[in-house]
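If you count by this note's numbering, then the sequence shown holds residues 8 to 124, one letter each, in order.
Just so you know, these hints were derived from the structure itself, not from any lab.
Every residue, glycine too, gets a C-beta built ideally from N, C-alpha and C.
Keep in mind that a hint or two might mislead.
[Claimed, not checked] Distance windows between CB atoms, simulated:
| # | residue 1 | residue 2 | range |
| --- | --- | --- | --- |
| 1 | R116 | L78 | 44 to 50 Å |
| 2 | D17 | G59 | 21 to 27 Å |
| 3 | Q92 | Q30 | 33 to 39 Å |
| 4 | G117 | P24 | 33 to 39 Å |
| 5 | A74 | L11 | 21 to 27 Å |
| 6 | R116 | E85 | 41 to 47 Å |
| 7 | G117 | L78 | 43 to 49 Å |
| 8 | D48 | R97 | 18 to 24 Å |
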Amino acid sequence: DEALRHLYSDAAVFVMPSIAELQSIATMEAMASGLPVIAADAMALPHLVHDGDNGYLFHPSDPDDLAQKLLKVLTAPEAERERMQRASLRLVSRHALDHTLDAFESLYRGVRPSLPD
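Starting from the given sequences, assemble the full structure and let the hints guide the process.
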C-alpha cells in the first residue's frame, strides 16, 4: 500500500484504458490521490471522469485520441492541473463508503414490501 501511495504521489496523470470496468477501484484510488484521470469512454468510467473537469474521456478504439488527451493534461498550465486535482478529490468523495451505504439503504427502504396491517 505504501509503495502504491508513492507511485500515485509521483504521477502526473492516471490512465485507465480498460473498457470493462464496472466500478474501477484503481481509478477511484487515483482520484483520491488528486490525479487528473484519462479514461476510456466505456462502462462506468464516464460516471467517474467528467470530461474536461477532473480529466478526459477518450474513444477506446482511437489511440490518437488517447495520445491527444494525455498531451492536453501533461502540457496544461499548473492552475489547470490543480483545478483537475481538486475536481478529482471532489468527485471521488461521492463514492466514499458512507455515501454508498446511505444510497443502498435508501434504495432498500424504497423497494421493501409493506407489512400487512
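**Q.** Distance restraint hint 44 to 50 Å, applied to the beta-carbon atoms of R116 and L78
**A.** 47 Å, holds
Q | Supplied distance hint 33 to 39 Å, evaluated on CB atoms of G117 and P24 | A | 36 Å, holds
Q. How does the Cβ-Cβ distance of D17 and G59 compare with 21 to 27 Å: does it lie in that range?
A. 25 Å, holds
Q: For the range 18 to 24 Å, tell me whether the beta carbons of D48 and R97 fit it or not.
A: Because 21 Å falls inside the window, the suggested range holds.
Q. CB of Q92 to CB of Q30, is that within 33 to 39 Å?
A. Violated, at about 22 Å.
Q) Has the hinted range 41 to 47 Å been met by the Cβ atoms of R116 and E85? A) 46 Å, holds
Q: Go ahead and decide if the range 21 to 27 Å is satisfied by the Cβ distance of A74 to L11.
A: Since A74 and L11 have Cβ atoms about 26 Å apart, the given range 21 to 27 Å holds.
Q) Between G117 and L78, does the beta-carbon spacing fit 43 to 49 Å? A) 45 Å, holds
Of the hints listed earlier, the one the structure fails to meet is number 3.
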